[in-house]
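J.: Read off the chains here:
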Amino acid sequence: MNALAISDLRKVYKNGFEALKGIDINVAEGDFFALLGPNGAGKSTAIGIISSLVNKTSGQVEVFGHDLDKDPEAVKSCIGLVPQEFNFNMWERIGEIVVNQAGFYGIPRKEAWRRAEASLKQLDLWDKRNQMSRTLSGGMKRRLMIARALVHRPKLLILDEPTAGVDIEIRRSMWAFMSELNAQGTTIILTTHYLEEAESLCRNIAIINQGRIVENTRMDQLLRQLHTETFVLNLRDPLADLPGLDGFQLKRLDEQRIEVAINSDQSINHLFEQLTNKGVGITSMRNKQNRLEQLFINMLENSRNGAAQ
Amino acid sequence: MTRYSRYWTAFLTIFTKELLRFTRIWLQTILPPAITTTLYYIIFGNLIGSRIGEMDGFSYIDFIVPGLILMAVITNSYSNVVSSFFSSKYQHHVEELIISPVPNWIILAGYVAGGVSRGVLVGVTVTAVSLFFTDIQVQSYGWTLMVFVLTAILFSLAGFINAVYANSFDDITIVPTFILTPLTYLGGVFYSINMLPEFWQQVSLANPILYMVNAFRYGLLGVSDISMVAALGIVVLFILALTTFSLMLLSRGIGIKT
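Top line first, the protein sequences correspond to chains A and B. Everything in the first sequence is counted per UniProt numbering, starting at 1 for the first residue and increasing by one. Everything in the second sequence is counted per UniProt numbering, starting at 1 for the first residue and increasing by one.
Pulled out of the complex, with its shape left as it was, chain A reads as follows (with noise of 0.2 Å):
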């Protein structure tokens, strides 16, 4: 069973700016899934509609079967949504915010604290549940908002852009514990500006652009599409002329680091090999886009022009 099945869905405001022009996506049960975009994209939008946040113009929804015009409730039991701009009560208290979210889904208040505990302590923030949630950081107002959309143990949770504005050492527990979720059966649908994010953790990725799907695939298929990778090297010695390579088109960025770019039928011992034997050093290299980042400039820039054709 798909935990999300989304058909043809179109999202017109009433100011005529049509946000969806009918998109489809299917995300299997288990799956960790990337939602990309550019901003203004219909991301936003589409998980707007999802968790009811946003009324759909047309087209079909469905969350673990259940149609969301037809049973509601039921979807939104499902559903747990972190969403990008804090929205909880900054004059309430941690402890409250989380055990209140639990009480609008029913869950009766001695089960809510123990639940809140549970999701508090996962996030490192039990120890601050009398605080108001306004004293709260950015990183923690952000895992706050975790822990309150999982304190009813969703099947399918929504993060949108979780790790904005967190620092790296926050990001990557953050990283550990979304996977450590959809390990233990939770499905994820997960929107971010940090395409390593979601090269990282993310099985199957759809990109959004002006409101229409542009790319719907596994992730690993997908990145096999990108033809070129870029390498910038860094160099033992300083190089003050470029040696002449065979296939290979290098670019001086400075005295000790080169930047050259490899076709996917390229064999990259082939160009080490030849440095070698003009006596040039590499003590490490890297790639200079994230892979991911890279094939997505690509696809907005072939949507983009395939749109003003």
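Hints are computed from structural coordinates only; laboratory data are not their basis. Mixed in with the good hints, there may be bad ones.
What the hints assert, rightly or not - Heads up, simulated SDA-like pairs for lysine to any residue below, C-alpha to C-alpha not over 25 Å straight-line:
{"no.": "1", "chain 1": "A", "residue 1": "Lys110", "chain 2": "B", "residue 2": "Ile98"}
{"no.": "2", "chain 1": "A", "residue 1": "Lys14", "chain 2": "B", "residue 2": "Leu20"}
{"no.": "3", "chain 1": "A", "residue 1": "Lys141", "chain 2": "B", "residue 2": "Ser88"}
{"no.": "4", "chain 1": "A", "residue 1": "Lys141", "chain 2": "B", "residue 2": "Leu20"}
Fit chain B to the supplied structure of chain A, relying on the hints for placement.
T.: Relative to chain A, chain B alone:
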């Protein structure tokens, strides 16, 4: 967990949240009406009222007590819901409710119960204050209590509708300032409409608050300017209309969803 036990828990959660919200800030919510009413009793009841003489067979202070109690109930039940629900829209935490499997009628019932509680609590406080100034013999406890609660329900619903349409803090003060307060003052709190010329008596009958003030005065003092059947009918009719309208707003997501 049955569907209705889930609903009951959800209702209790909204209601408790509302109750805690206004009781925590009792200095802003409970105390001011008590002080204002004390001033009304001192100035209009004792100082000026002693020179006015009797109204409808009662001393002036006895005559204005029911209206002042009900005025506190109206203002507080209205402002509790309008400020709380608008604040939840403004801070976006109304989304916590919208994404949850809580039926709209439970959301409405939770907020209205919160408004009624504040209205009743302030009403009881103002009644307690009035006992320092007068010695009212209640004519009908059942009728008084019924009008008390129905009025609180009606104005909690009105506050909810105002909050749904409000886009700014100005919008939640316009209705109380320019509509609710004039209607309350002209609703027979401080005078009997029998004192008015015939034309203005007829105009006053279009004011729904007049019916509530008179119905409440009837419960406390046993006198009224209008028929009790009409008064009760109007209150119940307004409650039904506002409930239907509020549920329609929630169902369409007006002012809440995009």
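J.: Broken hints, numbered, in rising order?
T.: 2
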